[in-house]
Amino acid sequence: MSKQYKLVRCTINGKPVEKMIDVRASLTDMLRDDYRLTSVKKGCEVGECGACNVLINGECFNSCIYLAIWADGKEILTLEGLAGPNGEISDIQQAFIDEAAVQCGFCTPGFIMSAAEILESGREYTDDEIRKLMSGHLCRCTGYENIFRAVKKTMLRRLGKNAEADAV
Amino acid sequence: MYVGKNATRVDARDKVMGRTRYTDDLCDKGAYVARVLHATIAHGRVKSIDASAALAIPGVVGVFTCFDLKEKHYFPTAGHPWSTDESHQDVADRLVLTDRVRFYGDDIAAVVAEDEVAAAQALRAIRVEYEELPFVLDVLEAMQDGAPQLHDNYPNNILKHTTIRKGNYEEAIKEPGLIKVEGWYETPTVQHCHLENFICFAEMTGDRIKIVTSTQIPHIVRRVVGQALGIEWGKIQVIKPYIGGGFGNKQDVLYEPLCAWLCTQLGGHLVKLDVPREETFVSTRVRHSIRSHIVSWVRPDGTYAARKLEAFSDQGAYASHGHSICAKGAGAFPQLYPCDHVEVDAYTVFTNKSVAGAMRGYGIPQAMWAVECHTEEVAARLGVDSIAFRRKNLMPVGYTDPFSKNELYADTFNQCIDKGMEVTDYARKYQEYQNQTGDVRRGIGMAVFWYNTAVWPISLETSSCRMVLNQDGSLQVQVGETEIGQGADTAFAQMAADVVGVPMDKVHIVSCQDTDVTPFGTGAYASRQTYTAGFSIRQTGSLLKERILTYAQELTRMPPYNLDIVDGQIVRSTDGRVLMSLGDLATEALYSLTHSQHLTAESTAQIKSNAYSFGCTFAEVEVDIPMCKVKLLDLVNVHDAGTIINPALAEAQVHGGMSMGIGFGLSEKLLFDPKTGKALNNNLLDYKLSTFMDHPRLRAFFVENPEPTSAFGTKALGEPPTCSVAPAIRNAVYQATGVFVEEAPMNPHNLFRCFKQAGLI
Amino acid sequence: MYDIKAIYEAESVAHAVQLLVEHPQAQIIAGGSDVLVQIREGKRAGVELVSIYGLDVLRGVTLEGDGTIRIGSLTSFSHITKDPIIQAHINVLGQAVDQVGGPQIRNIGTIGGNTCNGVTSADSASTLFAWDAVIELTGPEGVRRLPIQDFYIKAGQVDLRPGELQTGILIPRAAYEGYQGHYIKYAMREAMDIATTGCSVNVKLSADKETMEDVRIAYGVAGPVPMRAPTAEALAKGRPTTSQAVEEFSKSVLEDIHPRDSWRAAKDFRQHIAVTMAQRALTQSIQLAGGAVHE
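Protein chains in written order, with numbering that gives the first Met the number 0: chain E, 0 to 167; chain D, 0 to 760; chain B, 0 to 294.
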C-alpha cells in the first residue's frame, strides 16, 4: 500500500515552514524527525507524562497524541523557540536554572512550555492554581518544589512583585 | 572556594534550552527499529514460534527468537563491580532471549523492522505456542514445599537466606516482665518511572560494537555485553550520554546485550531498541516488595531486651541484584536500634513476576517502613512519646559497626530530630492534634532512617580520574562516576576547581561517558558518586597541581613548595605575588622548544571506607476518613550528609527523594493479575505516581557534621531522602486516626479496609 | 508514528457525513486523545480515520433563542470551563471537565469525544446526565436528537448510526434554570487520573431555600454506563434541607447503582465512596443554591 502524505504548512518557532509529512506521524514525530527539534521528548506516547508538550496557537498540547497533519496552519512553539536569536534565554528558563529546578532535564522542556503559557496570560495565580496548571507533567527528580518556585517567582517578577518573588 | 557554595549546575543552561542530547536524540534516523516480544504466560516453556506472517509484513527486516540463539551465554545483570572471586559473582541467569518463561513479560523473541509501525505489526503477527506450568506470585507461597520452581538450583525458590545472630534471643526473651510487640509490615512493588524510558542503540565498525545507552553504569554494561555475547570486552564500546533519570533501574544491564546481539545478527547494522513505557514497567526492573515480621521484647523502662526480624523479599523471576537489597535492609535492623540479643533472617525468593533490582534506597525504604512503623507501635504500647523512645534507643554516638568499621562520629540523630521538631513546630502540633473527632482529622508524625554510603567492604570501591590541562589553563576532567541527573558533574567541577586552584568555569567536566576513553569507574549507585569521586578528584588534582608547580619552577625559578595556584594564577606563596597565569604556563608548557610537556594527571583511588548517612522525616497530614484519603500538609527531611558540596543541588536532590517516598507511602503499587500473572497497571495513568497537585511544599534541612573518612567531608545523599518518608506519613496518619496501617501504600483501597476494620467508617 | 491505513479530513459537517458513508469502516477522530491511544495499543491498528478535528463550526458554546445551551461537540474541555455561558448557567459542567486529566488533555479533549467513546468514567458524562442533556447527531438522514440516557447503549457503545457524527450537546432551559450543582470526582490522585467514581448532583430549592423542589444525581463508574439514581432523587424531592434528608438520600443511592469489583477498586469501596460523595455533593449543591443543611 502506498503511503499517504500531506503538505503541512505551519509556523514553527516563528518561522513559516512546509514539508510533506507522512499522515501517520504524530506532531512529536514531525518536530523531532522532520525538524530535529529534540527538546520534544517521548516519555509515554499516550499523553500521560507531558514530556512532549508544545504550544499550539498559544495553548499547551501533548504533541504525542496530536496528529502532525493537524498542525497545518497553526503556530507551534517548542522550547527551542523560547530563547532569543543569540541564545538569550527567557526569564522562566533562567528561573529554572536559578531555582535548581532542573535535574535529569528530560521533563524540563515540557514543564517550561506549560510555564510559558501560564506566564503569557499575565495573571497572578494562587499556589493551588499554579499546581493545577502545571499538573499535566510528571517529574521524578524534583518533587516539583523547585519547579513551583521557578514558576511562581517568574510570575511575581513579571507582575513587578520582586519582594514577594524573593520570599517564595 | 567552590565546595559548599551554590554553584549553578554545569548542564542547566543546555537543559533549559532543550539542546541537551539524550540517547534517542543521537540516533541516526536510518536505524532499524527493534521491539521485544514478551511472553504472555507467567511460567512455562516456549514450544514454537511462528513468525511467517510477521516476516511477510513490508518493512520487517527479521524476527529473532529464543531458538535462534546458537550459543547460550548466561549472564548476570546487576550493576555490581565484577568480582574475580567466583563465589562473589552475581548470579548469571539471563539469556538475551529465553524459551524458558519465568514471568509474564519475559523476553522470548525480537523483531527488527525499518520503522516502528512495521515492528508493532510484526509483534502482533507472531504466533507462539507454550507449554504452561503452574506459577507462583506470592513470596511466602513460593517458599512452600511443592511450590512451582523457577530455577533448578534454588530449592523452595530461595535465592539466598542470610542470618544475623547477636547474643541469645531465646534466652533473653525469658526475662520476666517483658512486653512483646509483634507486627507484619509490607511494602509494594513499585517502579522507578524515570521519565526517559530505557533506550539503547548499537552498530558495528570493523569487529567492534558500539552501544549508546541510557545507563548509570557504562563500564559494567561493557563487561556484561561481553559476557552475554561471548566476545572480548575490549571489542565493546559503551557510550552514556545525558540520561533522563535512572533511580537504580539503569544500574542494571537491561536490553544492551539483546540490542548488541541483534546488531551482530544484522551484519552490524544500526539497531535501536526503544522500550515503551508499558514494557519499561514490566520487563526492566522494579523495587523489591518486602514483607517483614518484627518481634520486640521491651522492658517497661523503655529499653529493648531482644528483637527479631524476618524479612521476605520478592525477587521476581531473575536474580538481578538479588539478595543484596534484602541483606542491606536487614543489616540496618540491629544497628539502628542496637540491642544485645538480636536474630535476623533475611530471605530473597523467586516468584513469577517482574524482576526486582536496584532502586533508590536499595532495601532501606522497605526496612525503614517495617522498623519505623514498628517503633511507633512499641512506643504506643509502652504509652511513651515515640520521639523520646527513639532518642533513648537509637544508635549512640561512637557506635562502630564491627564489619564495615563505620562509626557514628556525631550526635546526628538528636541534631536531626531537634531540627525537624523545631521547623515543624512539632510539640505544639502534636498536642493540638491529640484526641480529635470528626470526619477530617490532622496528625503529625516522624521516622528516622539508617543508610550507609557506598558498598565497601561488601564490594570493591574504586574511582579513577583524569585531568588534562588545556593550553588556556582550563582543565578537562573525567571521572568514572556518572551524571544521571543528580548533579554529580557540578559537584565534581566544584571539587576539581578547589583542588587545582582554578575558577570553576575553567573546569570542563566531560559528562558523556565513553568506555573507550573514560577512566574506569563502576558508575552511579549506592549514593557514592560524590564520596568516591571526591577521593580520586582530590588525589588527581593534587598530582596535577604538583606537576604544574614543578613545571612552573622552570619558568619562575621558584621552588614548587613556595608556589601555589590560586584562581588560575601561579602565585608565590611566600609573599602572595602573582607570577604568571596558568594559561600562560600551559601554553608555554605545550609549545616550548626547550621542554614541551602535556601536563596531565590520572590516578585511581581505592576506597576502603564507607560512611553512615542518617536523618529523619517529619510529616503533617490531614486525613479525610470517609473519603479514605490522606492529604500532605507539610513534609520535612533533615539529613546529616556531612559537608554539603552544593546546598541548592543537595536540597533539590532531597526534594526528589522525598517525592519518591510520597509515592511509595501513599499511592504507587504495581499490580499483578492473580489469575495470569500479568501486570495490570503498567502505564502512567493506572500506576499512580504522585502529581504536582498531590505534593505539598517540600522542605529540606541539613545538619553538617563533616565526615572524617571523606575527601571533602561529604557522604551519601542520593538515596537517603527516600528512606524515611513513608513511615513518617504513616505515623502521622496514626496520630490523626489511631489506626496503624501496616502495609504501604496507604492508598484509599488500603485505608478503606483499615478504617473499616477500626470501625471508623 | 501511528498504524493508520488512511486519513480523510472533513471540511464541513456534510463532508464528514459523506466521508463516513463512503468509508463505512472508518473511525471518527475528534481530538484523538482516546483514538490515537487505542491505535497505539493495537486495538485499532490499521484503522481508517475520518478526522473532524478541523471543523471549527462545531466549536464553542451558544445560548439559543429558547434558552437552550448549545455546546459544539468539538469544544475542548478547557474552553468549556472558560466559557461565560457555561459559567453563568451550568458552572458545574465547567468544573467537572476541569478535572479531566491535566491541562494539555483538557486542551485536546472534546466533549463530543468524551461522550461518544461511551465510557462510564467520563467526567463530563455524569454531569450531562444530571442536567438532562440532549445529544444532537447529524447523519445522512439529517439531524436527530435524543436524551443522553438513550444515547448510551452499553459500555463503550453509543447510539451512533452509520454515517452519523455528534454535532452538539444541548441543555434545555428547563433543565438548568433555578438549579445549582456540584461535581465530585473521586480519583486516586488530584490530577492526571480517571474517576474511580464520579458524582454530579444538582438541586432546585424552594423560594425560601428550605425545601428541595428537585434533586438530580448522576454517577460515573457506578455501572457500565453513566447513570442517574432515581430512587434517591424521588426520596429527596420535596423534602426539607435537613441532614436527615441528605443522609437518607445518600444511602438510598445504593438502591440504584451497581458498581463492580475490579482491580481498579472493590465494589464495597466504591459503594461506600458513592454514598459519601452523594452526601457531600448534595450538601454543597444546597449551599450553592443559597440554602443550608439543617440538623
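The hints are simulated quantities; they were obtained by calculation from the structure and are not laboratory data.
Where is the CB? At the ideal position from N, CA and C, for every residue including glycine.
Please note: incorrect hints may appear among the correct ones.
[Claimed, not checked] Quick look at which bits of chain E chain B covers, simulated, 3 or more residues with Cβ under 8 Å:
#1 21-34
#2 93-107
[To be verified] Pairs of lysine-lysine residues, derived as BS3-like cross-links and limited to a Cα-Cα distance of at most 25 Å, are as follows:
#3 81(B) with 628(D)
#4 628(D) with 14(E)
#5 391(D) with 159(D)
#6 28(D) with 209(D)
#7 203(B) with 236(B)
#8 209(D) with 18(E)
#9 131(E) with 81(B)
#10 2(E) with 18(E)
#11 250(B) with 674(D)
#12 428(D) with 391(D)
#13 266(B) with 630(D)
[Said to hold, decoys possible] Estimated spans, in silico, between C-beta atoms of each pair:
#14 160(D) with 40(B): 54 to 62 Å
#15 233(B) with 122(E): 58 to 66 Å
#16 87(D) with 85(E): 41 to 49 Å
#17 122(E) with 161(D): 16 to 24 Å
#18 142(B) with 49(D): 22 to 30 Å
#19 10(B) with 673(D): 49 to 57 Å
For each hint, the structure was consulted:
1. Beta-carbon proximity to chain B at under 8 Å applies to 6 residues in the region 21-34 of chain E; the threshold of 3 is reached and the given coverage holds.
2. Look at the region 93-107 of chain E against chain B: 0 of its residues bring a Cβ nearer than 8 Å to a Cβ of that chain, fewer than three, so the hint is violated.
3. Distance check on the hinted pair: residue 81(B) and residue 628(D) sit about 29 Å apart at the alpha-carbon level, beyond 25 Å; violated.
4. For a cut-off of 25 Å, the pair hint linking residue 628(D) to residue 14(E) is broken: about 49 Å separates their Cα positions.
5. About 34 Å separates the Cα atoms of residue 391(D) and residue 159(D), which puts this hinted pair outside 25 Å; it is violated.
6. Proximity of residue 28(D) to residue 209(D) is assessed by CA-CA distance (about 17 Å); at most 25 Å being required, the pair is judged to hold.
7. Simply put, residue 203(B) and residue 236(B) have alpha-carbon atoms about 9 Å apart, close enough for the 25 Å limit, and the pair holds.
8. Taking the CA atoms of residue 209(D) and residue 18(E), the gap is about 33 Å. The hint is violated against a cut of 25 Å.
9. With a CA separation close to 15 Å, the supplied pair residue 131(E) and residue 81(B) stays within the 25 Å bound.
10. In summary, the hint linking residue 2(E) to residue 18(E) is supported, as the alpha carbons are separated by about 15 Å, within the 25 Å threshold.
11. For the hint pairing residue 250(B) with residue 674(D), the CA-to-CA distance comes to about 34 Å; that exceeds 25 Å, so the pair is violated.
12. The straight-line distance between the Cα atoms of residue 428(D) and residue 391(D) is roughly 22 Å, inside the 25 Å bound, and the hint therefore holds.
13. For the suggested pair residue 266(B) and residue 630(D), the alpha carbons sit about 24 Å apart, so the restraint of at most 25 Å is met.
14. At about 42 Å, the CB distance of residue 160(D) to residue 40(B) disagrees with the hint of 54 to 62 Å.
15. Distance hint for residue 233(B) and residue 122(E): a CB-CB separation of about 44 Å, inconsistent with the stated range 58 to 66 Å.
16. About 56 Å separates the C-beta atoms of residue 87(D) and residue 85(E), a value inconsistent with the hinted range of 41 to 49 Å.
17. The hinted window of 16 to 24 Å between residue 122(E) and residue 161(D) is violated, with their beta carbons roughly 59 Å apart.
18. At roughly 51 Å, the beta carbons of residue 142(B) and residue 49(D) sit outside the given window of 22 to 30 Å.
19. In this structure the supplied range 49 to 57 Å holds for residue 10(B) paired with residue 673(D), their Cβ-Cβ distance being about 51 Å.
Comparing the model with each earlier hint shows violations of hints 2, 3, 4, 5, 8, 11, 14, 15, 16, 17 and 18; every other hint is respected.
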